[in-house]
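If you're matching them up, the sequences are chains A and B in order. Going by the working numbering, the first sequence wraps up at 502, each residue one higher than the last. Going by the working numbering, the second sequence wraps up at 502, each residue one higher than the last.
Hints are not guaranteed to be accurate.
Just so you know, same-sequence chains aren't split out, so a pair can sit in one copy or run between any two.
[Claimed, not checked] Below, simulated DSS-like cross-link-like pairs (lysine-lysine); rule was C-alpha separation at most 27 Å, straight line:
#  : residue 1 : residue 2
1  : Lys269    : Lys474
2  : Lys205    : Lys266
3  : Lys269    : Lys205
4  : Lys474    : Lys266
5  : Lys474    : Lys205
6  : Lys474    : Lys202
7  : Lys238    : Lys474
8  : Lys202    : Lys266
9  : Lys474    : Lys351
10 : Lys238    : Lys202
11 : Lys238    : Lys205
What the hints contain is simulated information worked out from the structure, not anything from laboratory work. Small disclaimer: the values here were computed from a predicted structure and weren't measured.
What follows is each chain in one-letter form.
There are 2 protein chains.
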Amino acid sequence: MSSDLNHWIRKIRKGEARPLARALTEVENRGPSARTLLRSLFPYSGKALRLGVTGAPGVGKSTLISQMTANLRRKGRKVAIVGVDPTSPYSGGSILGDRVRMQSHHGDPGVFVRSMATRGVLGGLAPTTADVITVLEAAGHDAVLIETVGVGQAEIEIMKWASRIALVLTPGMGDDVQMMKAGVMEIADVFLINKSDQDGAGQLENQLRSLLALLPDGTPRPSIVRTVATTGEGIDQFMESLDTCLDSPRRLIGGWKERLAAMVQQEVIEHIQRCIDDSRFEKMAHEIVEGRQNPYELVETVVAEVSNRKR
Amino acid sequence: MSSDLNHWIRKIRKGEARPLARALTEVENRGPSARTLLRSLFPYSGKALRLGVTGAPGVGKSTLISQMTANLRRKGRKVAIVGVDPTSPYSGGSILGDRVRMQSHHGDPGVFVRSMATRGVLGGLAPTTADVITVLEAAGHDAVLIETVGVGQAEIEIMKWASRIALVLTPGMGDDVQMMKAGVMEIADVFLINKSDQDGAGQLENQLRSLLALLPDGTPRPSIVRTVATTGEGIDQFMESLDTCLDSPRRLIGGWKERLAAMVQQEVIEHIQRCIDDSRFEKMAHEIVEGRQNPYELVETVVAEVSNRKR
Numbered sequence: 192m193s194s195d196l197n198h199w200i201r202k203i204r205k206g207e208a209r210p211l212a213r214a215l216t217e218v219e220n221r222g223p224s225a226r227t228l229l230r231s232l233f234p235y236s237g238k239a240l241r242l243g244v245t246g247a248p249g250v251g252k253s254t255l256i257s258q259m260t261a262n263l264r265r266k267g268r269k270v271a272i273v274g275v276d277p278t279s280p281y282s283g284g285s286i287l288g289d290r291v292r293m294q295s296h297h298g299d300p301g302v303f304v305r306s307m308a309t310r311g312v313l314g315g316l317a318p319t320t321a322d323v324i325t326v327l328e329a330a331g332h333d334a335v336l337i338e339t340v341g342v343g344q345a346e347i348e349i350m351k352w353a354s355r356i357a358l359v360l361t362p363g364m365g366d367d368v369q370m371m372k373a374g375v376m377e378i379a380d381v382f383l384i385n386k387s388d389q390d391g392a393g394q395l396e397n398q399l400r401s402l403l404a405l406l407p408d409g410t411p412r413p414s415i416v417r418t419v420a421t422t423g424e425g426i427d428q429f430m431e432s433l434d435t436c437l438d439s440p441r442r443l444i445g446g447w448k449e450r451l452a453a454m455v456q457q458e459v460i461e462h463i464q465r466c467i468d469d470s471r472f473e474k475m476a477h478e479i480v481e482g483r484q485n486p487y488e489l490v491e492t493v494v495a496e497v498s499n500r501k502r
Numbered sequence: 192m193s194s195d196l197n198h199w200i201r202k203i204r205k206g207e208a209r210p211l212a213r214a215l216t217e218v219e220n221r222g223p224s225a226r227t228l229l230r231s232l233f234p235y236s237g238k239a240l241r242l243g244v245t246g247a248p249g250v251g252k253s254t255l256i257s258q259m260t261a262n263l264r265r266k267g268r269k270v271a272i273v274g275v276d277p278t279s280p281y282s283g284g285s286i287l288g289d290r291v292r293m294q295s296h297h298g299d300p301g302v303f304v305r306s307m308a309t310r311g312v313l314g315g316l317a318p319t320t321a322d323v324i325t326v327l328e329a330a331g332h333d334a335v336l337i338e339t340v341g342v343g344q345a346e347i348e349i350m351k352w353a354s355r356i357a358l359v360l361t362p363g364m365g366d367d368v369q370m371m372k373a374g375v376m377e378i379a380d381v382f383l384i385n386k387s388d389q390d391g392a393g394q395l396e397n398q399l400r401s402l403l404a405l406l407p408d409g410t411p412r413p414s415i416v417r418t419v420a421t422t423g424e425g426i427d428q429f430m431e432s433l434d435t436c437l438d439s440p441r442r443l444i445g446g447w448k449e450r451l452a453a454m455v456q457q458e459v460i461e462h463i464q465r466c467i468d469d470s471r472f473e474k475m476a477h478e479i480v481e482g483r484q485n486p487y488e489l490v491e492t493v494v495a496e497v498s499n500r501k502r
């Protein structure tokens, strides 16, 4: 490894903001140093609290995360916040949410904020989020708070990399709770009823409890915590409950198993893209349409070529 | 190639229904003979009319296709009908639509019907549809009619393999026309206004014409044909217009270019799956979670192993 790279890694490990931001960009873009960075940083990861916070827009996720950050900062913990918006084309810290999330912690060197978005992230959002968490942990953050918008398939994939997952609901969402997809109910460890000073909080809690009663026997029962993010009510109680939580090894093993297969595929696909450039495929396509080549034979030739090429 | 396989290919080329159906299943499941079948059958493909018919549920696609089939049968042409429903979990001829499509041609050996669905089709629906069309053409069908439900991204991908694409609309859909995605407008060669004996057909045609006027200069103008599928009105006119149509080489080249890259990737991914079985990834995931392995190092080992393994 070059001494420049070693130098960079040392700065990341110290948690210096600019080298860290540069490393995250390299990892998101799968740049030339991404693999070495991740391999070198991985041994220093795995010890942080990775808390996923998800829920529909407007339920107060950003304010909750700000309060959780304040709680962790009071205990002297270093906090990283990762905002993931699968529907946003922007990444690298430019989305609106950042400004909101940052407000109360602006200028605090113990809080690092990063935004990610689907488009522009090579290799898939969930695997890239996992890589980003690895880097943030190695940079000395004691807690990584992952905020996703909504509860679709992308969010469920991302949440596989959290050690604890909080699903945020608000009063008046009773009917929506009935419609929640099974996958989301299953991944949540905690349901946060935010804005619980509003009418209907009790009704929502009751509906949630009857829904949770339907979970199969032996399934761990998620807990329910009432919060008021704007005043901070319920946050300390929620954060204490996390201290006693341990990572679910079953979830971690399942996540890594899928991830290893995806990583191997991604490596090989990138290898193919390096070997065979676009104009080559264009030329072959012309020859097929002109009836001079059989695509099924061409593919065998290309695969053989890719396999023999030194990596 | 084994003599059994040779025998099978001869039967497919003669258009025998059961060997053909078996070949399509082999191709859909990417079975062990799929590659050899496709390589051997490809030279006999590429001459048929490949007509894509798409549109929202209830616009009369199946009845239209039945009428188009009757038109082609009167001219002595052999017809294959491929129903693709990206939202249906069923495949292999079991969906409801088949019975409707079959009704008027049941027992006619010159008409072959096949249904496909997303789930259960390995390697993606659009590439598999292309393979299925190759086999059907090599089996001596003069026309392959491809029916898809809806106009989402999956349908647009599938329609790349059609030489001509008809988008079916019905009166009363005026507002929906305004909302049609640009991608769909661009792929259609013909707009069929079906149920054109109903009120609002003229209004729909006007709206369509003003929308088409917005297409950039130089874009081929799609034609508009009014039909009444239940009586057959307009079908002969539509079918005559196809006789003068030629495949768009640009569309074909673009399709093959994307497809070759996807085929190479698929081959390599299957190679990985043959080399590294699931329990191996499970074992590695355990070792990572126990802190005994670095996933980023493991991936390099696995990729090296896969690359060196004889295919």
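Is it within, between, both, or neither for Lys474 and Lys266, if the alpha carbons may be no more than 27 Å apart?
-> neither (62 Å within a copy, 38 Å between copies)
Using 27 Å as the alpha carbon limit, work out where Lys269 and Lys205 are close: within a copy, between copies, both or neither.
-> For Lys269 and Lys205, the Cα distance is within 27 Å only inside one copy (12 Å; across copies 72 Å).
Can you give me the call for Lys474 and Lys205, within, between, both or neither, at a CA distance of at most 27 Å?
-> Neither way: Lys474 and Lys205 sit 49 Å apart in one copy and 33 Å across, limit 27 Å.
Between Lys202 and Lys266, at a C-alpha cutoff of 27 Å, which is it: within one copy, between copies, both, or neither?
-> within (24 Å within a copy, 76 Å between copies)
State whether the alpha carbon distance between Lys269 and Lys474 is at most 27 Å within one copy, between copies, both, or neither.
-> neither (53 Å within a copy, 33 Å between copies)
When no copy is specified for Lys474 and Lys202, does a C-alpha distance of 27 Å or less occur within a copy, between copies, both, or neither?
-> Neither. Shortest intra-copy (46 Å) and inter-copy (34 Å) distances fail the 27 Å Cα cut-off.
Measure nothing new, just compare the shortest in-copy and cross-copy C-alpha distances for Lys474 and Lys351 to 27 Å and report within, between, both or neither.
-> between (42 Å within a copy, 18 Å between copies)
Classify it for me, Lys238 with Lys202: is the Cα-Cα distance of at most 27 Å met within a copy, between copies, both or neither?
-> within (19 Å within a copy, 63 Å between copies)
Is it within, between, both, or neither for Lys238 and Lys205, if the alpha carbons may be no more than 27 Å apart?
-> within (16 Å within a copy, 65 Å between copies)
Which holds for Lys238 with Lys474 at a C-alpha limit of 27 Å: within a copy, between copies, both or neither?
-> between (50 Å within a copy, 21 Å between copies)
Go through the copies and call it for Lys205 and Lys266: within, between, both or neither, with a Cα cutoff of 27 Å.
-> within (20 Å within a copy, 78 Å between copies)
Hint violations for this structure: numbers 1, 4, 5, 6, all remaining hints satisfied.
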